Amino acid sequence: MALLTVQDIGKSFGGRPVLEGVSFSLDEGGILCLLGPSGCGKTTLLRIIAGLERPDTGKVVFAGQDMAAVPPHLRAFGMMFQEYALFPHRDVSGNIAFGLRMQNLPGELVARRTREMIEMVGLSGYEHRNVGELSGGERQRVALARTLAPRPRLLLLDEPLGSLDRALRERLMLELKSILKTVSVTSVFVTHDQAEAFAVADSIALLMEGHVEQIDSPERIYRHPASATAARFIGLRNLIDGRIAPSGGIETEFGLIRTPVLPGDASGTVTILIQPDAARPCAPGDDEKAGGPVIQGTVVNMLFRGRGYTLEVRTIHGTNLLFDLAGPLPDLAVGGGVRLLVDPAGISVLGSGPSVY
Amino acid sequence: MDRGLDRRGPEVAIKTPYSIILAALPLLFLGAFFFYPLASILLQGLMQDGHWDLSGPARLFSHRAYAGVIWFTTWQAALSTVLTLIIALPAAYVFARYRFAGRNLLLSLTAIPFVLPSVVVASAFQALLGSRGLVNAWLMDSFSLTRAPIALDHTIWFILMAHVFYNFTVIVRIVGSSWARLQPEISQAARMLGATPLRCFREVTLPLIMPSVLAASMLVFIFCFSSFGVILLLGGPRFSTIEVEIYRQAVHLFNLPMASALSLLQILLTLAFMGTYTALQRRTTVTLYPESRAVTERRVSTPRDMLIVGATCLFVLMLLGSPLAALLARSFQGPGGLTLDYYRNLSVNIGQSLFFIPPLKAMGYSLGFALSTLVMALAVGLPAAFTLSRASGPLGAVLDPILMLPLACSAVTLGFGFIIALDEPPLNLRTSVWLIPLAHTLVAYPFVVRSVLPSLKGIPNALKEAASMLGASPAMVFLKVVAPIVSRAVVVGAIFAFTISIGEFGATVFIARPDTPTMPLAIYRFLGQPGDLNYGQAMAMSSILMLVTAAGFLLLDRVRLDRGGGY
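Which chain is which? The protein sequence lines are A and B, in order.
Per this note's numbering, the very first residue in the first sequence carries number 1; after that it's consecutive.
Per this note's numbering, the very first residue in the second sequence carries number 358; after that it's consecutive.
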């Protein structure tokens, strides 16, 4: 049975709806990521789960209990805030010990657990530092240790890596995932960064304009986004219109694409997605035998990315597409022609509604 | 580095003859009208017949009566501070945390008592709760009593109430703004870690707002410690603070050495308290993260919120509004019902003695003095502000405290210094009509500096440099860039100077000549006289003074708000 169930949550601020009919559930030990652009209501949803905000409709059920009447301090959930919200008047160990002290545990136990947590996040020697003197990454560790110290039943993280610079984020992302898996705490994680969500989450709820667009595993969200909006949000740009052909398959500007996955849309119009890594330059004479569609066009832009190139191609039909190609590409130049062979496995048809998880 | 470039400008500027004249003007003024009188007090207090004599200061502590004055000054200030804290802290919370219609207006209104002249506040409390006040009159009327049932005149309660009334806004503003800057996430984090609301307040919120509570309390304590008008008018002869005692020793008993010794003590203590305040205030700014206001305020949504906010607003309006409303009402309340007599008779000298002049004349003098003060405070304050804005490094570190020192001196001490220093050559101004505007300028010009300096400092050097690079001469840079930017701040400073002068009491009571009293002085005299007409006229004049000061303040708040930034 699911540990956390969020049922039909709705919330509006000053007449403006922020969340509408949001539902999902999360099993024990799982990491769910609420992913969405800023202003999509994901932080509000997290605060509703925490009990810091009251939903207008719907309910939060945890371990079979409706949480509506339980105030935040009795929920035994842990929450890591966006800017960490460390207590500026307490040092590192004072921050970490706070939640333990609130349970009125014996001092000895508090001290031992605090030490353990400091060790776990690698801040030994920092016990009596003022939190104002810490770097962003160190603050993040203190916040994590403070949140985990009282062994929360559910961990809520609001953009835990949001305010850090890119290089540090990469490193802490790995660390965070391994810590969450080590302590095996059920977590809900809010972020606007898809890379972060893909790296840390077991499952992702894509939240757009207050409703759930799609809930899926990170791989499925990336390979089979439920809608054009979802695809665009996770950075997939190659969207092409197509029509379901009577003979099966989909008719596009590149010819007939054979695909077994067809949505049940009566109108017959669909959007297909070509993954950016699904193309490679045609070798002479492999058009026919490869069987995939061939894209012909002009190179508009070519960005060197180290491992390869990002190629912007304007097709002969006037559509601009982006592809990541492995280098080197001695035959290509901006303004020159190009023929790309697309791997059929990298083509998918977008569903017209949210898929069922 | 940018820093080096920034510094080059001021250093060059301070050496030009023009800047030296600018710096010399306020320094000369201070030298003649502040440091010279201060030195006179020092000599008067510590020397007797040409040699050092410390018996005066020693008597302060050995003599029971003086020790009693010092003790009373301290405990009444401490008690006033504690009462103000208890009453104002809940309001500080509500203003910091809730957003509701009329919030800014109400917050603006709470500051009015703070800027009112002490004589007006004294009149207002008399009008509300005094033996001839509205509440007593109503009670006597309703229950057919022959004596006023509420006897607060000349009791400590009257003094304490007036001090709470005065300083309410200090706590609300200082503590409220630090409370508002406190990220709500910090206390929410505590709640999420299992803290009950009470424990969260005790262990998180309270320690975080404590520095600002201490700083605000210190400020209130300083104000109450140097309270003069309120004690003199509401306390009667039974109560004497150091300030009141200086006045009595100097004016009633002509014991100048004792008055000087008391003044020295007052100056030393005030400086020590101000030092403590500055240290406390510095601590309030370090621990808090900057946070935009909109995030920390919350809408009034639940019935509980409505009750809290509604009760607070009602309480604030009652506490601060009722004495002022009573004052207005009482000024129209004659023995036989509503009347305009008190206002109509303002042009008549009913006392018929040399010491009484028609109130209308006093109002004229006040207006004249206030306008002169406005001009002089700008003439001294603007050069001082320009000098301070350019002086950096050690020079600035010396100039700033020198130029702002008058702020740390009570008006009573300034007035006392004037009468003992400026009544004989080399500077004999005893009969000069300029004595009052000079004293008022000393009190008012630091406010001009405080208004203009941030605005001057806020002009980026790059802006002036850009103007020069575009071909503007230094004079054009000043006229076209600097002047338009600081003009609003200058207006604020000017209104400050005018409002301060028109209500000034502490210094004026020493130096005003009998035939040219100001409005506050006339009110003081009328309040001390028997008879209903005298009392009513005091109420009428206080009402006018209150309206003028309040209008000045609201105008000031307006001008400052319109800036949309800065301070």
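Hint data in this document are derived by calculation from the structure and do not stem from the laboratory.
On a predicted model such as this, the values are computed, not experimentally measured, just so you know.
Treat the hints with care, as some may be off.
[Claimed, not checked] To give an idea of the interface, some chain A residues facing chain B are shown, with a C-beta separation under 8 Å as derived from the structure:
(1) Gly21
(2) Phe24
(3) Ser25
(4) Ala50
(5) Ala68
(6) Ala69
(7) Met79
(8) Glu83
(9) Pro150
(10) Cys282
(11) Ala283
(12) Phe304
(13) Gly308
(14) Asn320
Cβ coordinates follow ideal geometry from the N, Cα and C atoms, glycine included.
Hints versus structure:
1. The beta carbon of Gly21(A) comes no nearer than 22 Å to any beta carbon in chain B, farther than 8 Å, and the hint placing it at the interface is violated.
2. This hint is violated: Phe24(A) has a C-beta 21 Å from the nearest C-beta of chain B, more than the 8 Å allowed.
3. With a least beta-carbon distance of about 22 Å to chain B, the hint placing Ser25(A) at the interface is violated under the 8 Å criterion.
4. Below 8 Å, beta-carbon pairs count as interface contacts, and Ala50(A) has one with chain B at about 6 Å; its hint therefore holds.
5. Annotation: Ala68(A) was flagged as interfacial toward chain B, and the flag is violated, the nearest CB pair being 15 Å apart, outside 8 Å.
6. Hint on Ala69(A) is violated. Least Cβ distance to chain B is approximately 15 Å, over the 8 Å limit.
7. Annotation: Met79(A) was flagged as interfacial toward chain B, and the flag holds, the nearest CB pair being 4 Å apart, inside 8 Å.
8. Interface restraint check for Glu83(A): the shortest CB-CB distance to chain B comes to about 7 Å, inside 8 Å, so the restraint holds.
9. With 8 Å as the threshold, the beta carbon of Pro150(A) comes within range of chain B, its nearest partner Cβ sitting at about 6 Å, so the hint holds.
10. At about 56 Å, the closest approach between the beta carbon of Cys282(A) and any beta carbon in chain B exceeds 8 Å, and the interface hint on this residue is violated.
11. For Ala283(A), the interface hint is violated, since its Cβ never comes within 8 Å of a Cβ in chain B; the closest pair sits about 58 Å apart.
12. About 36 Å separates the beta-carbon of Phe304(A) from the nearest beta-carbon of chain B, more than 8 Å, and the hint is not met.
13. Proximity of Gly308(A) to chain B is violated relative to the hint, the smallest CB-CB distance being about 42 Å (cut-off 8 Å).
14. Because the beta carbon of Asn320(A) sits about 40 Å from the nearest beta carbon in chain B, more than 8 Å, this interface hint is broken.
Against the hints set out earlier in the document, violations occur for numbers 1, 2, 3, 5, 6, 10, 11, 12, 13 and 14.
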